[in-house]
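Build the full structure now, drawing on both the sequences and the hints.
Number of protein chains: 2
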Amino acid sequence: MFYLVGLGLGDAKDITVKGLEVVKRAKRVYLEAYTSILTVGKEALEKYYGREIILADRDMVEQSSDELMADSDTEDVAFLVVGDPLGATTHTDLILRAVEKGIQYRIIHNASIMNAIGCCGLQLYNFGEAVSIVFWTDDWRPDSFYDKIAVNRERGMHTLCLLDIKMKEQSIENLMKGRKIYEPPRFMPVSLAAEQLLKIVEKKAAEEKTDKNALAADTVCVGLARVGAEDQKIVAGTLKQLTSVNLGGPLHSLVIPGHMHPLEMDMLRLFALDDSVKELLTSSQ
Amino acid sequence: MFYLVGLGLGDAKDITVKGLEVVKRAKRVYLEAYTSILTVGKEALEKYYGREIILADRDMVEQSSDELMADSDTEDVAFLVVGDPLGATTHTDLILRAVEKGIQYRIIHNASIMNAIGCCGLQLYNFGEAVSIVFWTDDWRPDSFYDKIAVNRERGMHTLCLLDIKMKEQSIENLMKGRKIYEPPRFMPVSLAAEQLLKIVEKKAAEEKTDKNALAADTVCVGLARVGAEDQKIVAGTLKQLTSVNLGGPLHSLVIPGHMHPLEMDMLRLFALDDSVKELLTSSQ
Numbered sequence: 008m009f010y011l012v013g014l015g016l017g018d019a020k021d022i023t024v025k026g027l028e029v030v031k032r033a034k035r036v037y038l039e040a041y042t043s044i045l046t047v048g049k050e051a052l053e054k055y056y057g058r059e060i061i062l063a064d065r066d067m068v069e070q071s072s073d074e075l076m077a078d079s080d081t082e083d084v085a086f087l088v089v090g091d092p093l094g095a096t097t098h099t100d101l102i103l104r105a106v107e108k109g110i111q112y113r114i115i116h117n118a119s120i121m122n123a124i125g126c127c128g129l130q131l132y133n134f135g136e137a138v139s140i141v142f143w144t145d146d147w148r149p150d151s152f153y154d155k156i157a158v159n160r161e162r163g164m165h166t167l168c169l170l171d172i173k174m175k176e177q178s179i180e181n182l183m184k185g186r187k188i189y190e191p192p193r194f195m196p197v198s199l200a201a202e203q204l205l206k207i208v209e210k211k212a213a214e215e216k217t218d219k220n221a222l223a224a225d226t227v228c229v230g231l232a233r234v235g236a237e238d239q240k241i242v243a244g245t246l247k248q249l250t251s252v253n254l255g256g257p258l259h260s261l262v263i264p265g266h267m268h269p270l271e272m273d274m275l276r277l278f279a280l281d282d283s284v285k286e287l288l289t290s291s292q
Numbered sequence: 008m009f010y011l012v013g014l015g016l017g018d019a020k021d022i023t024v025k026g027l028e029v030v031k032r033a034k035r036v037y038l039e040a041y042t043s044i045l046t047v048g049k050e051a052l053e054k055y056y057g058r059e060i061i062l063a064d065r066d067m068v069e070q071s072s073d074e075l076m077a078d079s080d081t082e083d084v085a086f087l088v089v090g091d092p093l094g095a096t097t098h099t100d101l102i103l104r105a106v107e108k109g110i111q112y113r114i115i116h117n118a119s120i121m122n123a124i125g126c127c128g129l130q131l132y133n134f135g136e137a138v139s140i141v142f143w144t145d146d147w148r149p150d151s152f153y154d155k156i157a158v159n160r161e162r163g164m165h166t167l168c169l170l171d172i173k174m175k176e177q178s179i180e181n182l183m184k185g186r187k188i189y190e191p192p193r194f195m196p197v198s199l200a201a202e203q204l205l206k207i208v209e210k211k212a213a214e215e216k217t218d219k220n221a222l223a224a225d226t227v228c229v230g231l232a233r234v235g236a237e238d239q240k241i242v243a244g245t246l247k248q249l250t251s252v253n254l255g256g257p258l259h260s261l262v263i264p265g266h267m268h269p270l271e272m273d274m275l276r277l278f279a280l281d282d283s284v285k286e287l288l289t290s291s292q
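Protein sequences, first through last, are from chains F and Z.
First residue of the first sequence: 8, per this note's numbering; consecutive thereafter.
First residue of the second sequence: 8, per this note's numbering; consecutive thereafter.
Just so you know, the hints here were simulated from the structure itself, not pulled from any lab data.
There's no promise every hint is true.
Remember, identical chains collapse to one label, so a pair may be satisfied in a single copy or spanning two.
Claimed, not checked - Taking lysine-lysine pairs in the BS3-like style, the calculated list, with each CA pair at most 30 Å apart, reads: (1) K175 with K219; (2) K184 with K173; (3) K240 with K187; (4) K240 with K108; (5) K155 with K31; (6) K247 with K285; (7) K216 with K155; (8) K34 with K206; (9) K184 with K155; (10) K34 with K20; (11) K187 with K206; (12) K219 with K31; (13) K34 with K240.
Written out as structure tokens, the structure reads:
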């Protein structure tokens with residue numbers, strides 16, 4: 008059996024009991040290490056699980072599935088994924104390849120940012136489409152996610168913004184020369200996401216492309232860091248304020264609320280950066 | 008500490024290791040027993056956890072939070088919730104009451120239907136707003152969820168339909184007489200949800216209120232039962248076909264796809280009821 012096992016969001020103990028049993032008995036244990044960052048390191052997992060873990064990078068998963076799945080028709084192989092195996096990042100291609108090879112698979116679900124985001128108090132069924140905010144470069148500044156946020160807000164829905172991470176990025180020079188030399192991993196903090204978003208907001212305002220649901224510098228948004236971990240941080244502040252918060256290490260997420268119920272506002276007030284934000288959360292947004 | 012512990016979706020072993028540690032050391036362990044149905048019973052949990060579990064019904068949670076949270080300022084109390092504590096059903100009111108009483112709380116996240124639904128192969132970030140389909144009665148047949156599905160489809164988004172469950176329902180007579188006598192629990196199967204939906208589709212067609220994105224009897228939809236459990240079932244069939252599938256015991260969910268990527272269609276084909284559905288999943292929907 009080929010098991011896709013979700014690790015949840017915090018540390019080694021966020022695996023489910025069922026998942027841990029699979030890890031302990033599996034012939035080989037892989038850790039998907041290119042689309043997310045575990046709050047604890049591979050070593051912490053190895054120590055807690057008492058198993059050697061093989062890091063699986065994108066090349067391995069996409070090009071060496073024979074190797075990855077070897078013997079999983081007769082023995083158990085575990086493929087660990089931070090969060091849920093089919094959460095923010097999907098591994099359906101892996102499932103399809105398993106089925107093609109006649110290998111049985113099973114998914115051991117766990118929390119992912121897509122549902123744990125409920126910890127900020129905004130109700131999951133009031134979230135519309137999630138968006139991704141990527142690192143801008145000097146000449147590539149995509150802003151299409153703004154329109155999705157706008158559509159969600161128009162319908163009163165909240166938006167979860169998944170923030171970019173770059174795990175094994177090659178410089179353009181190394182890429183062109185075919186050198187497998189990678190830049191250090193980096194992740195987008197809430198402050199940078201808010202900054203990029205604020206620039207779009209200002210541009211739209213200058214072009215007078217705004218309406219009553221439009222985001223503004225004083226719209227209350229929610230910044231989250233390390234959701235599910237012991238040192239999780241949640242702050243509610245205006246978009247402008249969030250450009251200067253420091254929420255520490257990865258991973259970060261940003262939520263843009265739509266219409267809020269009183270109970271949702273009550274919850275966000277718990278995380279308000281200051282009294283002016285509490286004030287904004289008392290009046291209807 | 009007042010712990011809200013997610014149990015995940017399958018059986019007793021779907022709790023996280025961290026959650027299990029809390030359950031084992033808590034002074035009291037409650038199980039929220041009115042918004043969801045655990046695939047295994049309370050007894051199975053008690054046996055596996057080695058702890059007595061107190062069933063918490065709606066009255067208790069909404070009216071007796073003093074009792075529920077007693078001593079949790081100095082000791083650990085665990086409140087177990089099927090899925091994620093802040094998943095399809097929210098318990099933010101409980102958190103607010105804890106904070107009001109000066110009691111610290113912690114959430115132990117887990118999978119919920121809101122993210123585990125990814126098991127059907129449709130990608131989570133392509134889901135729009137989720138909807139609820141409730142039991143129709145002779146004189147109460149709400150259909151507003153249809154418009155939400157239509158809006159999602161117009162934007163190419165998938166829709167997760169959460170299907171009604173009635174856990175401690177009183178008959179109108181008993182309710183009026185103030186008798187706390189409850190009807191047996193019931194849950195909506197995929198077939199009934201599809202039937203209700205098909206009736207709306209036919210009504211809209213008769214009123215000529217349809218467009219190219221409109222749902223039709225031959226739209227491929229996905230029926231799911233007991234997601235995350237060992238005997239989970241997933242079927243892809245036309246809306247019409249789903250009105251006559253029998254997916255067994257609770258809980259069921261229904262997904263109405265929007266625009267599908269080739270990889271998503273490849274996955275759905277794994278669950279196709281018959282070749283005609285596979286055919287529909289080859290052409291673009």
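Quick rundown of the hints versus the structure:
1. In this assembly of identical chains, K175 and K219 lie within 30 Å of each other by CA distance neither inside one copy nor across copies; the values are 41 Å within and 42 Å between.
2. Taking CA atoms no more than 30 Å apart as the test, K184 paired with K173 passes inside one copy only; the shortest distance there is 20 Å, against 63 Å between copies.
3. Taking CA atoms no more than 30 Å apart as the test, K240 paired with K187 passes in neither setting, with 35 Å inside one copy and 43 Å between copies.
4. Taking identical chains as interchangeable, the C-alpha atoms of K240 and K108 lie at most 30 Å apart only when they sit on different chains, with a minimum of 21 Å there against 43 Å within one chain.
5. Proximity of K155 and K31 under a CA criterion of 30 Å is satisfied in neither setting, with 43 Å inside one chain copy and 44 Å between copies.
6. For a Cα distance limit of 30 Å, the shortest separation of K247 from K285 inside one copy, 15 Å, qualifies, whereas the shortest one across copies, 50 Å, does not.
7. For the homomeric pair K216 and K155, the shortest alpha-carbon distances inside one copy (15 Å) and between copies (26 Å) are both at most 30 Å.
8. In this assembly of identical chains, the alpha carbons of K34 and K206 never lie at most 30 Å apart, being 50 Å within a copy and 51 Å across copies at closest.
9. Taking identical chains as interchangeable, the C-alpha atoms of K184 and K155 are never at most 30 Å apart, the minima being 37 Å within one chain and 50 Å between chains.
10. Proximity of K34 to K20 under the C-alpha cut-off of 30 Å is found in both arrangements, the shortest distances being 21 Å within a copy and 21 Å between copies.
11. Taking the closest pair of Cα atoms, K187 and K206 never come within 30 Å of each other, the shortest separation being 34 Å inside a single copy and 58 Å across copies.
12. When the C-alpha separation of K219 and K31 is checked against a cutoff of 30 Å, the pair qualifies neither within a copy, at 55 Å, nor between copies, at 51 Å.
13. When the C-alpha separation of K34 and K240 is checked against a cutoff of 30 Å, the pair qualifies only between copies, where the shortest distance is 27 Å, while the shortest distance within a copy is 37 Å.
Checked against the numbered hints above, the structure breaks hints 1, 3, 5, 8, 9, 11, 12 and satisfies the rest.
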